[in-house]
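Undergrad: Please build the complete structure, drawing on both the sequences and the hints.
Here is what each chain is made of, one letter per residue.
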Amino acid sequence: MAYLDNSVVTVDAILTKKGRELMARGDGSFQITQFALADDEIDYTLFNPSHPSGSAYYGEAIENLPLLEAFPDESQVMKYKLTTLPRGTARLPIIASVSNVVLKQGQSQAITPETLNYLGNNNTTENNGYIFTVADVRVASLFTGVGINNDEATRLNNITTLGTNVSKTVIGTSLNITSTTVNTLFGDRTQLTTSLTIIGRDSGARVTVPLTIKKV
Amino acid sequence: MSFKRFDAEDIAISADAITAPVWSTGAPTLTTFKTSSIQYAAKNQYHVNVFQSTFTDPDAEVQFDISYADKLGKGTSLYNPSVAGKSPSSTIYGQYRSLVLGDEDSDFVFNADTISENFYVISINRSRFKEKLLPGTFNLTVGGLTLTDNSKDVTVVSYKDSGRVYNVVAGTNGSGGTESYGWFLPDIGTILLDATKLDTDSTCTMVDTVRDLNFNNTNSKKLFDALESFQLNSEETITSNYVFVRVRNSEFNYSVNPSNITGSGDLRHDYMIDAPQAYVTSVGLYNDNNDLLGIAKLSKPLVKDFTKEALLRIKLDF
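Just so you know, the protein sequences line up as chains A and B, in that order.
The first sequence maps to residues 1 to 216 in the numbering used here.
The second sequence maps to residues 1 to 318 in the numbering used here.
If you're looking for bench data, these hints aren't it; they were derived computationally from the structure.
Here the structure is a predicted model, which means the values were calculated and not measured.
Some hints could be false.
[What the hints assert, rightly or not] Calculated lysine to aspartate or glutamate pairs in the EDC-like style (CA-CA distance at most 16 angstroms, straight line):
#1 K4/B with D202/A
#2 K79/A with D40/A
#3 K130/B with D16/B
#4 K34/B with E61/B
#5 K315/B with D12/A
#6 K34/B with D16/B
[As the list claims (entries may be wrong)] Per the computed footprint, the stretches of chain B lying under chain A, defined by three or more beta-carbons under 8 angstroms from a beta-carbon of chain A, are:
#7 3-15
#8 243-249
#9 253-262
#10 282-292
#11 302-314
Think of the CB as a built atom: it goes at the ideal place given N, C-alpha and C, for glycine as much as any other residue.
TA: Have a look at this one:
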């Protein structure tokens, strides 16, 4: 992975692994309709409001950061999204009540996140629900969003993958997950590990937790 | 909200013609020509692979092939001595007759009223010519004679079964004489050179085609040995998807980056409560299912606050 030439501002674009899979399907699912911005790689502790040269230099250390090229793995990019909130916001929404998920083979669990600091509420479930993304869908025999009843949620729940190591995304206020019973995925290992990312659809709050499947 | 939908005018599709030198060296002209002893030993009666460097070099790639075609099967060994006229050279002749003329009863007539029974074929490697050859860029010097296509001299383009056909003439950069030395076929990346014309031309001294019956005269190697320089460009149509990302001043000014907030969600720097700043490094392109289809990285962080708007153009090539 190389650094990008930053002598001029350029945009280096690639398709993700998921994008290539959907393009290969040719079923119309490869259609760009929306975008999000992220600040992966930025370390805000470098922001210096005490800079002796004044406010124009507070972000000097960040603005000179050389950026890496894009990763094609969709689970390794767009981690920290920028969000639109009213000016004067002092606390940003965060997702609580979700920690490491550990399941035995074939075990089911419902995961119901809550959002703190959103619209002045301490704990709230977002009206438009959450986006749940598992980085490697092979570890789950069931991965279904519940609580949001619209066409989009239904379509996402019904999407099947090709048995390859790609992500799957669903939406809902809760996630029902059942771990895989397929032994061959484990090989010589006693557990499989991937990641589960939860993003608030209204707030943009995000959390990624490890998802571990233990072989029985 | 973290996602913003594109408007219809934010996504534009454009098709652009891209031209480039054919050769993997990146240079417009190839002056070093090498063969593979392994390939030559096995297949020289059919074709000779031509590399830009010694074939054992890690970066050696086949640039083009040379074949010899003969209607009567001369110049190569017969498949079966008791079956006259059936040899690798007649196989190659039939192959290009089908490909270029499309009619088994047609003959190659490079110059009016003269049927050409034998010719050389220069077939450019597909990965090198990409989609098609660019007329007007073909300059081949062989045995002291410089040949080009006549694309700049003709006003009406001729077509055969293999697409556009230009005459190969003595000259440079798409313009030259009127006598044809063969055909330049840009749509199939192929050049046919009339063997008889090369042999009889007083300028071209090094190609001496031999047409023995039932004998391998290694004619392809004769043309190879006469090569001096070869200039050629490819042409490819690239379909690009231009995506315009428009960010208004009031949008995307806060970040949920863990280094920007404390564990309880408070902004790390009080200064940012009234003057929030975010630094854009990535643009994610999503479908309606929230699948991340494409990712664009900026070369340097872009400051975003309530006083700034951003317009980013992302180009996706297919």
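Undergrad: Which earlier hints turn out false for this structure, listed by number in ascending order?
TA: 6
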